[in-house]
Amino acid sequence: MLTSMTKTDFQKPKTVEEAVTLLKEAGDDARPISGGATLVALMNARLVQPSRLVSLSAIDELTQCTYQSDGSVRIGAMRRHRQTAFESNLKAAHQVVSGAASQIANPPVRNMGTIGGSISFADPAADYPPSLVAANAEIEIAGPEGRRRIPAEEFFLGWYETALEPGEIVTAVILPPVSESSVGQYEKLCRIAGDFALASVAVTIDFNASNTVTSLRLAVGGCGGGPIRVEAAEQALIGTKLELDAVVDAAELVVAELDPIDDVRGSAEYRLKVVPRLLQRAFNNLVETREPAQ
Amino acid sequence: MSQPVTLTVNGKTSDVSCGATTTLLTVLRDTLALTGSKRGCNQGVCGACTVLVDGAPMRSCLTLAANIEGQNITTIEGLPEGGDLKPIQQAIIDSDAVQCGFCTSGMILTAHEFLQRNSNPSIDEIRTALSGNICRCSGYRKIVDAVALAASRGGA
Amino acid sequence: MQIEQSFTVDAPRSRVWTLIRDPEQMIACVPGCESIEETGPDTYRAAVTVSVGPIKARFSMAIAVIEETVMEYVRTESKGEEGSRASIVQAISDMRLTDMPEGGTEIHYSSTVEISGRLGRYGAGMMKKIATRLAAKFEESFRALAEKQEEVC
Amino acid sequence: MDGIDMQGVGSSPHRLEIMEKVTGSAEYIADLSRPNMLHAAITQSTVAHAKILGYDISDAMAVPGVVCVLTGEDFPDGRMGAFIKDEHAIAKDKIRYFGEPVAVVAAETEAIAREAAKRVIVKYEELPAILSPEEGLAEGAAIIHEDLDSYIKVFPAISSGNMASYTELNEGDLEAGFAEADLVVEGTYDTAPQAHLAIEPCGALADIDKQGRVTLWSANQSVFRVQANVCESLMMPMGKLRCLTPRVGGGFGNKMEPHIQPLVVRMTQATKRPVKMILNREEDFECVRARHPFKVRCKTGVKKDGTITAREVEVLLDCGAFGDDSPGVLGYSLLMSLGPYRIPNSKASGKLVYTNKLRFGAFRGFGNPQVAFAGETQLDQIAEKLGMDPLDLRQKNLIQPGDVWFGGGQVASNGLQECVDKARAASDWDNRKSRTAPKGKRRGTGVALSAHISGLLGTGAIIRVFEDGSVALNTGAVDIGQGSDTVLSQMCAEALKIPLEKVSLASPDTDGSPYNWGTTASRVTYTTGRAVVGAAAEVEKQLKEHAAQMLECSEMDLELRPGGIVGVSGSDKEVSFHQISLRAHWAAGGPIVGHHTWVFNQPTIDPKRAVCSGIPFPQVGVFSFGCLIVDTLTDEASGKTEVAEAWSAVDVGKAINPSSVEGQIVGGFVQGMGFALTEEMVWDGPKLANPTLLDYKVPTTLDTPYNIHSIIVEAAEPDGPFGAKGAGEIGLVAVPAAIANAIADAIGGHVHSLPMKPEKVLNKMLEIEDAT
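Just so you know, the sequences run in chain order G, V, Y and P. When we follow my numbering, the leftmost residue of the first sequence carries the number 10, and every step to the right adds one. When we follow my numbering, the leftmost residue of the second sequence carries the number 6, and every step to the right adds one. When we follow my numbering, the leftmost residue of the third sequence carries the number 1122, and every step to the right adds one. When we follow my numbering, the leftmost residue of the fourth sequence carries the number 101, and every step to the right adds one.
Isolated chain G (complex conformation) (with noise of 0.2 Å):
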């Protein structure tokens, strides 16, 4: 009857497929520990207790980034925080993917926390999942049945909630080829530094050489289950120049999907009233940026 001090057991295998058996071969109460920042302290308080703990941590193949052929960037799901911060693969719009990671808690928690870890939890005002719908990521997953690839936007279900199967685990986050006149922004408020989102903004946005958006993806967190992606709000701007008053339309659009809760960090009604606020900085700054360049 006694705890969970006795009864966890702890494997460390060296592959995705070996790590895979063992998840399924204890069942639903085994955990894959990644960094450990958000298991470990649910375990400290006494909040999970997992009947095995498989560790990801001597799996190479989940350590590597790497630039593929197609432009494509593969950041394997045991990359830590501060590497993808300072990822040097990351250029134009998946920079919308590193200013996420770093401005994910503090510098020793980047150190710790793994992109993959940090996906599968699933925290609804966590950085990486806006920024990973709006850079168009793919999230590859490797289970008993093999390995599959699934966008990033199917990945997040809500409220903690992900797409990942029993057994499942996650191996990777590829992001699309991007051209190199695209950018990538991610901005965040909370309440100190460091601090979950209390909403959070990312864009992604592609220009033609007269400055016309041909592109743009956009993603809110902090205000509903997951990430919320606004495609109508993407459509309209699309083919403007980011003037004013196409933002604010489209910020009207963004506002009416969003789905946010009062708790601790702030009120459903205040992220209803700062996200167009916060997508207007976004694209001023953008826009600002980018002028000179032209």
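In short, the hints are calculated from the structure, not lab data. Here the structure is a predicted model, which means the values were calculated and not measured. Don't be surprised by glycine CBs; every beta carbon is placed ideally from N, CA and C. Check each hint, because a few of them may be wrong.
[Claimed, not checked] Here are the simulated BS3-like cross-link-like pairs (lysine-lysine), alpha carbons at most 27 Å apart as the crow flies:
{"hint": "1", "chain 1": "Y", "residue 1": "Lys-1269", "chain 2": "G", "residue 2": "Lys-33"}
{"hint": "2", "chain 1": "G", "residue 1": "Lys-16", "chain 2": "Y", "residue 2": "Lys-1177"}
{"hint": "3", "chain 1": "P", "residue 1": "Lys-485", "chain 2": "P", "residue 2": "Lys-403"}
{"hint": "4", "chain 1": "G", "residue 1": "Lys-250", "chain 2": "P", "residue 2": "Lys-404"}
{"hint": "5", "chain 1": "Y", "residue 1": "Lys-1250", "chain 2": "P", "residue 2": "Lys-541"}
{"hint": "6", "chain 1": "G", "residue 1": "Lys-21", "chain 2": "G", "residue 2": "Lys-33"}
{"hint": "7", "chain 1": "Y", "residue 1": "Lys-1250", "chain 2": "G", "residue 2": "Lys-282"}
{"hint": "8", "chain 1": "G", "residue 1": "Lys-282", "chain 2": "Y", "residue 2": "Lys-1249"}
{"hint": "9", "chain 1": "P", "residue 1": "Lys-404", "chain 2": "G", "residue 2": "Lys-282"}
{"hint": "10", "chain 1": "G", "residue 1": "Lys-33", "chain 2": "Y", "residue 2": "Lys-1177"}
{"hint": "11", "chain 1": "P", "residue 1": "Lys-787", "chain 2": "Y", "residue 2": "Lys-1177"}
{"hint": "12", "chain 1": "P", "residue 1": "Lys-860", "chain 2": "Y", "residue 2": "Lys-1249"}
{"hint": "13", "chain 1": "Y", "residue 1": "Lys-1200", "chain 2": "P", "residue 2": "Lys-194"}
{"hint": "14", "chain 1": "Y", "residue 1": "Lys-1177", "chain 2": "Y", "residue 2": "Lys-1269"}
{"hint": "15", "chain 1": "G", "residue 1": "Lys-21", "chain 2": "Y", "residue 2": "Lys-1249"}
{"hint": "16", "chain 1": "G", "residue 1": "Lys-282", "chain 2": "G", "residue 2": "Lys-250"}
{"hint": "17", "chain 1": "P", "residue 1": "Lys-787", "chain 2": "Y", "residue 2": "Lys-1250"}
{"hint": "18", "chain 1": "P", "residue 1": "Lys-860", "chain 2": "G", "residue 2": "Lys-282"}
{"hint": "19", "chain 1": "V", "residue 1": "Lys-17", "chain 2": "G", "residue 2": "Lys-21"}
{"hint": "20", "chain 1": "Y", "residue 1": "Lys-1258", "chain 2": "Y", "residue 2": "Lys-1269"}
{"hint": "21", "chain 1": "P", "residue 1": "Lys-541", "chain 2": "G", "residue 2": "Lys-282"}
{"hint": "22", "chain 1": "P", "residue 1": "Lys-151", "chain 2": "P", "residue 2": "Lys-192"}
{"hint": "23", "chain 1": "P", "residue 1": "Lys-539", "chain 2": "G", "residue 2": "Lys-250"}
{"hint": "24", "chain 1": "Y", "residue 1": "Lys-1200", "chain 2": "P", "residue 2": "Lys-223"}
{"hint": "25", "chain 1": "P", "residue 1": "Lys-403", "chain 2": "P", "residue 2": "Lys-496"}
{"hint": "26", "chain 1": "P", "residue 1": "Lys-485", "chain 2": "P", "residue 2": "Lys-404"}
{"hint": "27", "chain 1": "P", "residue 1": "Lys-787", "chain 2": "Y", "residue 2": "Lys-1200"}
{"hint": "28", "chain 1": "P", "residue 1": "Lys-541", "chain 2": "Y", "residue 2": "Lys-1249"}
{"hint": "29", "chain 1": "P", "residue 1": "Lys-541", "chain 2": "Y", "residue 2": "Lys-1200"}
[Said to hold, decoys possible] Calculated from the model, a selection of chain G residues having no Cβ within reach of chain P, i.e. all distances over 12 Å:
{"hint": "30", "residue": "Val-25"}
{"hint": "31", "residue": "Ser-66"}
{"hint": "32", "residue": "Asp-79"}
{"hint": "33", "residue": "Gly-155"}
{"hint": "34", "residue": "Glu-163"}
{"hint": "35", "residue": "Gln-244"}
{"hint": "36", "residue": "Pro-285"}
Assemble the complex: chain G is given as a structure, and chains V, Y and P must be docked to it using the hints.
Here is chains V, Y and P on its own, set in the frame of chain G:
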């Protein structure tokens, strides 16, 4: 179930018996009697338990002992070399950057690692580096000054 | 925490009532429900798992029907706790059935729920969203069941 | 010895214990252990207000490794409390807040104790929970303390129903004062509960000997208050308990009155084994204490020229479940509610109401920051209406040297004018409007003045001269990190003209230390310092008696010379402390021990001047003053405000250790900044919703400006040791008000509610935009 774990702490290797969910902080404090690492929140936020794992600052309260076998752990007790204080320790003394002292071990280890990477930091870089270590007494000013002082003396 | 929800199913009220009062059928509809056994007249014991992120709470629930108007209305009181009392849940729930003019039945459900312990940490705002999501899952499964049963019969 | 740095008064030697703190060897309560020690954990209530019907401890006892489970039934019926004796050591018969300890479990390991503590079952009959003072005062409200009338109260308390106390102060003729005014401004203000958040959680360790005498180590701010509280609640003779202290990881008020010490003592009595209990962070949030939420109604009348004619202040305090220090906080906040100004006609009154929340209690500032937030922001609103500069308005009404305080208390030293002048100059106040803000931000500059006392109650010091001529200083004052060990030693060294290294400081011990009420009320430097100076004078006298005989001269002709020497004035004849002490130990007179004790005794109220009732302190303290100016930047998109720079001028009488004073000013500023901008304990029904550091956020380095300028002003307190008075709290008091005034300067309107989080500031900005 307990399992034996071999840990290398401050250059000394020990076999400790601990559970799969036992944190490094618990092993350091309860098994190895290295109580310089403090438990302030057990959640990774306050930073009082910060130690170096293979030279990088980590929260010992969020690190499972079983998961860091074979890695080199440095705690505040192991920081002085040959009994001499590290420059950051001396700078903390010289800047009067200690009040209650509960955050000090974690603060020193975080700053020490930072100074190894950045020998000539700006005040803002220091503020960023220390932003994961909470001090409730000092208002941080003297701690930031201490890190700048250590840097100006050319050492971590 | 107050949860309220209405939905309609394309099945007659008698069918809906029978299903709702049949523990065997409800196991499949209540999200996370593993078993329901009758422990006495109008009392039941159910095993229900609620997962929020990595926290998974297995409740042993004691459910009692405390008021009932056949075919129309049922009020239940539910109390549950995890094995080592890590979470405790208590609820008073009302379910009311109404015929729809165009056929079919409207199910109106309201519940006052109190959760303490591990799951209580998520705060009322978050738990309400999660409860709403569970309610939506219930609606989906129940509708499928009610409408499928109808065809079979 | 000339030319040697004696590290006496006015210098900044490093902390005495600095080496152990930078090497990790300093021992705090969690670092202590005893052979054969048990670990304890608490079971917390899961309801806010209930009768306890019974307990089932069988599941808990069945966990292997559990040694003992104690519930309220196993505790005596003693009640403790600083002002109202209303609190048992543990919930007994009744639950009064969610998370209140209801049982204690001792086991062979902490993990086992915590596991078993979850298995204690308590049967409750729930009562309606009172979650605000308004609910508590409502007719027909459930009563939280049915026996309030019969409780022992240590002051003339006015209490009834759920009202724990009512206090009122009147001076002059309020109606006439308002009638005289050309402008009357009235507003209501509220402040949120703030957590102390000492980085060290509370803990205690007790051991018992064969005679049944208990030794108790704990994280505390006063070994003597710990002793008194434990003995009262457990109905023990005081001689049966010895209290000691390890290093303490910060307090700020949280560790002054008891936390879990009585539980650990009772457990060691029950098990006859050493018992240690360390609260986890969540428990520390949920069941120790916090800063009172205030509701303040403030009304001020002024003439066109800015002269204040009247002020009326009415406060409503949430007491929480137990009285603790709350009656004191109420009384003190009223006493300070006029600020450091001449206001001839005034009334301040307030109610303290029990609720079903954790006890609110002492927290750096002790009610003063809350009323200063109301009063000082109201002054800015008045200045705006009168078209006056806010600092000029204050200047016009400044309390002057020789003036008495509200109620009639004497103010001996007053460096407020110098604080104002220096802060004004350092901050370039008069050119503040020329400072620009980065794009997307609005800059504001705000000022607030403050006063705070240092003093209260009894204190002592003992100095013994060792055979080698060095000395042992024993005061019983607990250094909680602020540096009093060093400061008291410096004063001892200065008084005896010996180097600091010749002073060794005894750790507080109720067996051997003279009484010290505690490290609180900014009092250690002033009150304990005076005791040290008095004890040193006694030692000097005895040294001179010996020296006179040894040197065959008159005591009158003797002087202390630097380095531990007594010499004959105008001559090179001298003897060392070493020589004198050897004589005293082995030959004549007996070992030299000097001691001095005293109690602060200047009356708070002059009955000829003020009409008062329900005053908790007949004698408060001497006054420190401050002038704080801050520059803030408010983000136009979100309303989030950061402090860009601050100038804090503080009159501390005499800075015994200037570097430590700076530490108090800057540390107090940042804690006040958290209170002003972000910190807020939030309840979700009866349960605290954010009892973790993930959810309750305190400022980090990145939220804190580097440029917080400490400006030390020294208006010597005539009876202070070397002129010193307190510095611990004054630096915090004005912070929320100054930041509020800066935000108002930036956005054009005042936020009346703390914390001034982005939402409130943005709403105010939008409200102003809509209006214009």
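Right, here's what the structure says about each hint:
no., hint, in the structure
1, Lys-1269/Y <-> Lys-33/G, "violated (34 Å)"
2, Lys-16/G <-> Lys-1177/Y, "holds (17 Å)"
3, Lys-485/P <-> Lys-403/P, "holds (11 Å)"
4, Lys-250/G <-> Lys-404/P, "violated (55 Å)"
5, Lys-1250/Y <-> Lys-541/P, "violated (35 Å)"
6, Lys-21/G <-> Lys-33/G, "holds (14 Å)"
7, Lys-1250/Y <-> Lys-282/G, "holds (20 Å)"
8, Lys-282/G <-> Lys-1249/Y, "holds (22 Å)"
9, Lys-404/P <-> Lys-282/G, "violated (40 Å)"
10, Lys-33/G <-> Lys-1177/Y, "holds (17 Å)"
11, Lys-787/P <-> Lys-1177/Y, "holds (21 Å)"
12, Lys-860/P <-> Lys-1249/Y, "holds (25 Å)"
13, Lys-1200/Y <-> Lys-194/P, "holds (23 Å)"
14, Lys-1177/Y <-> Lys-1269/Y, "violated (31 Å)"
15, Lys-21/G <-> Lys-1249/Y, "violated (38 Å)"
16, Lys-282/G <-> Lys-250/G, "holds (24 Å)"
17, Lys-787/P <-> Lys-1250/Y, "holds (19 Å)"
18, Lys-860/P <-> Lys-282/G, "holds (12 Å)"
19, Lys-17/V <-> Lys-21/G, "holds (23 Å)"
20, Lys-1258/Y <-> Lys-1269/Y, "holds (16 Å)"
21, Lys-541/P <-> Lys-282/G, "holds (18 Å)"
22, Lys-151/P <-> Lys-192/P, "holds (9 Å)"
23, Lys-539/P <-> Lys-250/G, "holds (21 Å)"
24, Lys-1200/Y <-> Lys-223/P, "holds (15 Å)"
25, Lys-403/P <-> Lys-496/P, "holds (11 Å)"
26, Lys-485/P <-> Lys-404/P, "holds (10 Å)"
27, Lys-787/P <-> Lys-1200/Y, "holds (19 Å)"
28, Lys-541/P <-> Lys-1249/Y, "violated (36 Å)"
29, Lys-541/P <-> Lys-1200/Y, "violated (52 Å)"
30, Val-25, "holds (31 Å)"
31, Ser-66, "holds (24 Å)"
32, Asp-79, "holds (38 Å)"
33, Gly-155, "holds (36 Å)"
34, Glu-163, "holds (28 Å)"
35, Gln-244, "holds (24 Å)"
36, Pro-285, "violated (9 Å)"
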